[in-house]
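Participant: The primary structure of each chain is shown beneath.
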Amino acid sequence: MQLPHAQAAVLQTASADEAQPVDALARATDLPVETVTGAVFELEEQGLVAVTERVEESIELTEEGAAYAADDLPEVTLYRAALAAGADDDPVSMGQVIGSSGLEGPQVDIALSNYARKGYGAIDSGEITADPDADPDSDSEATALETLAAEGDGDAADATDVDDDTLDQLERRGLLERSESTVREATLTDEGVTALMEGVEESQTVGQVTPELLTSGEWEDVEFSEYNVEADAEQVEGGKVHILRQTANRVKDVLVGMGFQEMEGPHADADFWINDCLFMPQDHPARTHWDRFALEDPTHIDDLPTDLVERVERAHREGVGDDGEGYHSPWDEDFARALALRGHTTSLSARYLSGTEIGELEPPQRYFSVEKVYRNDTLDPTHLLEFFQIEGWVMADDLSVRDLMGTFEEFYAQFGITDIEFKPHYNPYTEPSFELFGTHPTTGELVEIGNSGLFREEMLEPLGVECDVMAWGLALERLLMLMYGFEDIRDIHGTLCDLELLRETEVTY
Amino acid sequence: MPTVDIAPDELRDLTGHDEKSDDELIEDLFALGLEYEGETEDGEFELEFAPDRLDRLSVEGVARSLRYQYGDARGVYVPKTNSPDWTITVDESVPDERPYVTGAVVRDVNLDEDALDSLIQLQEKLHATMGRKRAKGAIGIHDMTMLKGSPATEGNPSVRYTGVEPDEDRFVPLDSDAELTPGEVLEEHATGEKYADLVRGNDRYPAIYDDLGLFSFPPVINGRRTEVSTDSRDLFVELTGTDQWTIDKMCVIICYALSARGGTVEEVTVEYPDGRSDGRDLVRPTLETKTKTVSHDRVETILGIDFDPEEVVDLAERAGLDAETGENEDGDLVYEMTIPPYRVDVLHPMDVIDDLGRAYGFNELEPRYPDVGTVGGRHERTRLEDAARTQLVGLGFEDLLNFHMINEAENFSRMGLASDDDAFGAGDPTTIKEPYSEDYTMLRTWVLPSLVMVLENNTHRAYPQDLAEIGFAARVDSENEENTETGVDESRHVAAALASHDAAYEDAKARLQAIVRNFGGELETPATEHPTFIDGRTAAVVIDGEEVGVIGEVHPKVLVEHDLEVPVAAFEFDLEALA
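Protein chains in written order, with the working numbering: chain A, 212 to 720; chain B, 880 to 1458.
Among the hints, a few may not be true.
[What the hints assert, rightly or not] Derived pair list, reagent style SDA-like, types lysine to any residue, alpha-carbon separation capped at 25 Å: (1) A:K634 - B:I905; (2) A:K634 - B:R946; (3) B:K1012 - A:D543; (4) B:K1027 - B:S1138; (5) A:K451 - B:I905; (6) A:K634 - B:D902; (7) A:K451 - B:D1265; (8) A:K634 - B:D907.
Just so you know, these hints were derived from the structure itself, not from any lab.
Input sequences plus hints: build the corresponding full structure.
Facilitator: Structure representation (structure tokens):
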């Protein structure tokens, strides 16, 4: 029969009587151990050899153990010094014995702690006695060390004359290390013997398709060596778009498909755009420094559109409409000019609606953004200081809450979230306002998935918008965790991310 | 979200619905927008409330709302008030920082333990919300039997709102046995310490006196003499603050709650000195209703369904409002809606339509997709960003997403860079006034520090680690060179780092070349120096003749600083250069 080189070599080297370990076969065939291992398994598959595995324990002296094997164990040294000082007759001062023993540093403690245990004598009130009958030459631990040292890196089998208790003791003392390894051994089967008797030849196979082979036409006459096509290949780390980006892009695709245009604007922005334009009173608790990231440098925006500032201030003070009312809160332009990292991307909506970004907008319009916002909140597995907010709004004449509900049902259905529930809610810049709840696609749990409402006229009128605008906001991370079941968002977002997790995360589509 | 604790038994008592089980109550409360969060140790419901309906901060107000929901009550309810007997006179010496006062007398209140607890909670919750932690408005409630008012005018009893110097007078505050001056209260009394910041630094502190002396030190603490107990029947309510409307409304909510406990509200006269509050005398509390005109058409367009006028009136009454039909000047159907005085949240007719929707049940409405056609599209900036990201991923880079906030050490010194270096990545940092932690004190001026931090945190993971990020970077535009609107120059950078045992300049350059070529740009890399990179292995990234970034082998001092044991080649440049 024809076999590839390695398999043929192994088959010819293996014996039917004696199991041979793989490394022995490798030495005998002069092939790398990995190659021989592969060949052995392939031969086993063809039934030509039998493979047995056993776990082998090996024992190795530590550096300290080797030192004691060469010299004496510290307690033996101490005993000899005690004898020399005459401690077999009368107790002798410890200091004197230790001084003459030459023991130093940690060895003193080692000697003292083993001295009495092993019956070399007693230590009491700073004095030492030596048992004249003790025999350091028959110290089992010392003998074991010598035996092991003489054998070099001995197999456990070779150390059979050392009893287990002593080995355990030496291991506890840190003088030896035991380790386990799997040894594979191959024996020829009857079929293997038969095959050898019938004659085994090395097959003339070609490993690689080469230009030479192709141009010479030789390829027609050769046989290609077989690969183990089932074996795992080397791990290749291709690049991948970040999972949160993938999710963001999926959201963007859905929104663009629903007719939404994308917004873009500053991350560090004036409170005017972040809050005042949204009819948030200046003494609203959410505007205190605890919730927001106010900037230290730069502190204020230089210019705000004068007309708009006037209209916004008037809305805050007097309200909007014939019988509208304002807030009974202070309003100060300087406060509105203060810069902060935006706490929501509704600041972009305010900018776009005001006409300052891309000019006056005529209804109907749909706009969105999936951008970062910043909240001075407690960091935990589901809350980061920075996260992506999905912001969207629809501008049209005579929008109703039914339109708002219909829009969300369509949007969330794209992500497998159905049975949306609308809980009437309060929000300073929308009325009516709703918290959105949806059913988790896998757990079936009811979870909050966003906030929505119709922008208040007190917000829209100063911005110059004369029709209805419905809007909503949602954390992208919330959607991601809902869709893919991540538990700790910090594993993927931020410098503490785990590359392995990012590499292993499934792509989304 | 703030919460309010409500005893279910009290709720059953005050609504007159003994038959309601706890579960039924929880369901009814959810319909009101009060979400059940759990139970307190005393078995009270812990309810999360949205901070608009401040009249529902105690069991009395919640019960009132439930009675509307159950149909047991309809329309506006306003308690009767008796004419004023007592007067609050306001001295010229009242501190400018807290000029306003209001009040009420409520007699024959039935104050059992539960009612007293509820009153204390309502006070606290009003302080936390409308009162802006007592800065804008603070409430003091006193046992009238302990007050001795001397006749001010025409023989009526009065108390006096005035200002005192911090150590001018003494009184025994609540929870204390010692006579303290207001100044000492701020130093020595637990409640005093808590609210000290509200008055400290003022020349004069607010104080309220009766004939016997100082009995209230708003907004900090009441005197012990007039402490309210379950034996108290007649109560004197005073509120001080920075806005008259706000304290008047807080007073109204207190009066409604005490009225639900059997109390009779009696007005007080507030006498301001000339030059304050127009010098007019006020009569408080004002339990006046207000009206909003709501157009029938608007009700229909917002809720998206057709209504008969009778239906709208019915919904209004079930929401605790009164509605009368009428016509506006164009002859269209409108409703004059009467709003009770405790509804501090109603600013605009839309707030009334929201009430109608809630009474109707928003979840009864059938969703519909709006019949409005628009054309969708991406912003050019994010399209460019995505196109560049696709190139990076195609070249084998793992796309990362890091925080925009960082600290000075990570952004500059650990990279071997100083903010005032003349090098890519340097620049004035945009700094945060009160950072969450010292890890996040500024916006990053460049992206490479984030990538190097990821390398630092992943030394146990397999190499090569080829990382890239197209991310946000910002610096202060101090001289307004970039003509930024906000004074912060925000941009996106393309940053990439190759970390492996043989990563070298050439590897980075090869990938940079590929990206720039794919965008049709012309790349030059003249030698330069940059403190983050090794001299002689650093170049400026010049695209189409403009210097836009840097490329090089990261300096060993930076690698060692980040515990890296492999070489790193990296580049970073402004995304706009690819446009």
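Participant: Now tell me, hint by hint, if it's right for this structure.
Facilitator: Hints, one by one, checked against the model:
no.	hint	verdict
1	A:K634 - B:I905	holds (15 Å)
2	A:K634 - B:R946	holds (20 Å)
3	B:K1012 - A:D543	holds (21 Å)
4	B:K1027 - B:S1138	holds (24 Å)
5	A:K451 - B:I905	violated (48 Å)
6	A:K634 - B:D902	holds (18 Å)
7	A:K451 - B:D1265	holds (13 Å)
8	A:K634 - B:D907	holds (13 Å)
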